[in-house]
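J.: Read off the chains here:
Number of protein chains: 2
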Amino acid sequence: MQVPPTHYPSRMTGSNSSGTASYRRLDVARRRAQLIRAALGLFAHRAPEDVSLDDVAVAAEVSRPLVYRYFPGGKTQLYEAALGSAVAELTQCFAVPEEGPLTRRLAGALDRYLAFVDEHDAGFSALLRSGSVVATSRTGAIVDEVRRSAAGHILAHLRVPEPGVRLRMAVRTWITAVEGASLTWLDEGKQPAVEELRDWLVDHFVALLLATAARDAQTARVAAAALALEPADGAVASLARRTVALLTEAEHLLPAP
Amino acid sequence: MQVPPTHYPSRMTGSNSSGTASYRRLDVARRRAQLIRAALGLFAHRAPEDVSLDDVAVAAEVSRPLVYRYFPGGKTQLYEAALGSAVAELTQCFAVPEEGPLTRRLAGALDRYLAFVDEHDAGFSALLRSGSVVATSRTGAIVDEVRRSAAGHILAHLRVPEPGVRLRMAVRTWITAVEGASLTWLDEGKQPAVEELRDWLVDHFVALLLATAARDAQTARVAAAALALEPADGAVASLARRTVALLTEAEHLLPAP
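Those protein sequences? They're chains L and U, same order as listed. One point on numbering: in full-length UniProt numbering, the residue at position 243 of the first sequence is 243, and numbering is uninterrupted. One point on numbering: in full-length UniProt numbering, the residue at position 52 of the second sequence is 52, and numbering is uninterrupted.
Since the hints were made in silico from the structure, they are not lab data. Incorrect hints may have been included.
Examples of chain U residues toward chain L, derived with CB under 10 Å [claimed, not checked]: (1) 28; (2) 31; (3) 145; (4) 185; (5) 194; (6) 250.
Here are a few chain U residues that sit away from chain L, every Cβ distance over 12 Å (derived from the structure) [said to hold, decoys possible]: (7) 30; (8) 98; (9) 107; (10) 224.
In this text, all values refer to a predicted model and were calculated from it rather than measured experimentally. Every residue gets a Cβ at the ideal spot worked out from N, C-alpha and C, and that includes glycine.
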């Protein structure tokens, strides 16, 4: 068997296959991934309805027929594949090791999530904004699956196999809040800095967990276990001290020590 | 000029106008409102794409041609009119008097908001779920306008004419959280009771405001002013005491008094 030459003769013949032969060295999976990456790059700065297969071909430096060969369903199929790839990445965000203080794990997960938001930008907005052309009932279901997965991860970190309605609601509400804050952050031209946003979202989680714990015995147990793991010089200790200082100023609200 | 008889002769003639004459006594605005009310009643329990003009005619006890006469644009026009009516109601929720403790005002606003969610149920979900058939870019823009209006009202209650990015983000994030919690509440079969949900959402606001205050001087000033108005036996005092008790159990997090 002969090793194929670097320059394929077919490059010189037939307009249909022109430009495609030199790509044969890339296997199907890699080629698919390359096209998806190119599409995601475009979706990041333009609403998906403004991205054509031609644009993807140009961005990936391949012919339009090649894009069609890999995605015979056209734009919709490419978009769904890109979505699937994005979802796989998002779903991994909250899969952090179950060790160390909870706030450190959350910060790690948020670092990955916010890097995704930062990178995909307009594409992220278009996906989540109700009524955007790209948001179909299918994409809606896929995004819901990401939310469910994130909630499952967080409840696993909290070591709650059977969460009650109040704890479930707290976790799901925080996830919605993270999405909302991410969209606002994009609207605000990515202000404040991403590290501050991350720390604020962690504080938000702690604040919401404690507010829920004040009404629900299960959440109180979970919160106590989580607090026990937090270091004395960590985020929760700092938040606790600053909040108690604020409450103490309004001295009628807290009993004298 | 002769007063028209109560029973119109036209009821007996011509199939096109049959059944419509007796409705002439209702003026246009009242008739329109009646049809919108009937439509909202249907949207409350079925996704709008499953509601036909026939259904609206049956629910309002009028003829189908009458529904078309008022809404010649068909289903879309009726849906948008119903949406406009719902939005007018939602926008009024946060227009509560600027007096008394902030948490009492928020609770009042949430009572109205949650009554709307409770009443419109499936219609509320369909409107907010990204990718639902009824969510178009136009409805998306309308819903965004409600969010903006709610944020404006809350910032007015906080007496902040020029909110910085952190305070804006806290308020907008809480509004997203309220929406998310409302959808979860519907998913959970309206558990817990609506009064508990309302109080929890108020606690959530306070917790988020304090967590933000810990990082932002403007929010700290706003929070201090708001705390000063809260009664010693109110929601904030109770939340503060229960939270400090939880934090004190993890004694390494709070300095000894």
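J.: Work down the list of hints and note, for each, if the structure agrees.
T.: Hints and how they fare:
1. The beta carbon of residue 28 of chain U is not positioned within 10 Å of any beta carbon in chain L (closest approach about 30 Å), and the interface hint is therefore violated.
2. At a threshold of 10 Å, the smallest CB-CB gap from residue 31 of chain U to chain L is about 29 Å, leaving the interface hint violated.
3. About 13 Å separates the beta-carbon of residue 145 of chain U from the nearest beta-carbon of chain L, more than 10 Å, and the hint is not met.
4. Given hint, residue 185 of chain U at the interface with chain L, holds; its Cβ is 7 Å from that chain's nearest Cβ, closer than 10 Å.
5. For residue 194 of chain U, the suggested interface contact is broken, since its CB lies about 13 Å from the closest CB of chain L, more than 10 Å.
6. Taken as an interface hint, residue 250 of chain U checks out: its beta carbon lies about 4 Å from the nearest beta carbon of chain L, inside 10 Å.
7. Residue 30 of chain U, annotated as away from the interface, keeps every beta carbon of chain L farther than 12 Å; the closest lies near 31 Å.
8. The beta carbon of residue 98 of chain U is kept farther than 12 Å from every beta carbon of chain L, the shortest such distance being approximately 19 Å.
9. Every C-beta of chain L lies more than 12 Å from that of residue 107 of chain U, the closest at about 15 Å, which supports listing it as non-interface.
10. With a least CB separation of 6 Å from chain L, residue 224 of chain U falls inside the 12 Å interface cut-off, contrary to its annotation.
Going through the hint list in order, the structure does not satisfy hints 1, 2, 3, 5, 10.
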